[in-house]
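Same order as they appear, the protein sequences are chains A and B.
Taking this note's numbering, the leading residue of the first sequence gets 545, the next gets one more, and so forth.
Taking this note's numbering, the leading residue of the second sequence gets 545, the next gets one more, and so forth.
Any given hint could be a false lead.
[Stated by the list, open to error] Take a look, some chain A residues computed to stay more than 12 Å from chain B by CB distance:
1. D567
2. D591
3. E650
[What the hints assert, rightly or not] Label-pair restraints from in silico Cβ distances:
4. H688/B to K588/A: 38 to 44 Å
5. E714/A to S740/B: 32 to 38 Å
6. K578/A to D571/B: 42 to 48 Å
Hints were generated in silico from the structure; no laboratory data involved.
Don't be surprised by glycine CBs; every beta carbon is placed ideally from N, CA and C.
Each chain, written out:
2 protein chains.
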Amino acid sequence: MKGLSCGTSRIVGCRFSIYPMADNFVDIIIGALKEVDTSKVWMKTDDVSTCVRGRSEHVFDVTKAIFTHAAKTGVHVVFNGTFSIGCPGDSEGDTYMSESDERLNEEASRVEKVEVATQFALYPLNNPDYMQVIADQVGVAADHGTFTKGVHYASRLDGDVHDVFQSLEEAFVNASKTDDRSHVTMTAAVSANSPSTKDN
Amino acid sequence: MKGLSCGTSRIVGCRFSIYPMADNFVDIIIGALKEVDTSKVWMKTDDVSTCVRGRSEHVFDVTKAIFTHAAKTGVHVVFNGTFSIGCPGDSEGDTYMSESDERLNEEASRVEKVEVATQFALYPLNNPDYMQVIADQVGVAADHGTFTKGVHYASRLDGDVHDVFQSLEEAFVNASKTDDRSHVTMTAAVSANSPSTKDN
Ligand SMILES: [Ca+2]
């Protein structure tokens, strides 16, 4: 039995920012955006962040691509954002759900090798068993070999950007499938080229 | 009836990063930290983020102070973090809960005038009425005059850094009081000195 007032769209969104710690941060962001095909997602940028919406494949494809192309400059760059699915009433942009599942940016992203340190947290919102959902998905990242440790309020992933984004995507998609109306969010801070000593 | 396996501490934490978009980002962060008294919070920094834990007053006092002192440089600086309370089993650092409520950094922060644009989202985790809790706290920010609009997955606040942090603190603390074992998280991206046109 489902509430009639709730949206039933399974559109995925990510509200994120790319932070290049450099005087020429605008050029780095614009340069990365130019290399990414965003035609399969709804996208809007304001002065605080960018929001992309569409099928989960394309949301992860586009966010990884923008971050990877910014990070390949060698500058210390951080992706910080929140992925979301199932927010009640959230259906705007549903036309993008009919795009095919072929990822438009994977080929160009994949050739870039970027080591990242990541902290992420899953928030299953309308699920009384949420702590188990979180534990299960940390287990998935552990199986991938990307999970390095738990820290207060987050789990840490280290490795190649492609492996880490794959763990993030699987954790998020798995958690979103625990119920056909689940509302799940996931924060992720993905850092490349930090001058600080790795803490893993 | 309460589960025996859960922590009962009401310690508040924030895992956050300060991102100065400048070549001298390390100096800006270190400079800001030097101006902030962190003796009333547990604090640990790694290569991705910093975690502070203690009474809510001091967590908000310290995070606002670090951000404000970084932003007063005039550089484009963003605070991006997640505040948390009530995570089951989270009790480490409880000694900091016996500190007095006097804020150690408010006086020095208050003299700085910094205009900010903010996007925040509340996530009440173990509450079936979570959408109402969120709506109520967006209403609190509207009453403060800081709320400017809703965007996908977040609410926008604009104004003076002190007014905006007060709205964030009240929204978070109010949401955390909906139940004596509530588990609530709140993400916030607070941006100062952006070269982009304000979108409010
Ligand atoms: Ca965040």
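Hint check results:
{"no.": "1", "hint": "D567", "result": "violated (5 Å)"}
{"no.": "2", "hint": "D591", "result": "violated (4 Å)"}
{"no.": "3", "hint": "E650", "result": "holds (25 Å)"}
{"no.": "4", "hint": "H688/B to K588/A: 38 to 44 Å", "result": "violated (26 Å)"}
{"no.": "5", "hint": "E714/A to S740/B: 32 to 38 Å", "result": "holds (33 Å)"}
{"no.": "6", "hint": "K578/A to D571/B: 42 to 48 Å", "result": "violated (31 Å)"}
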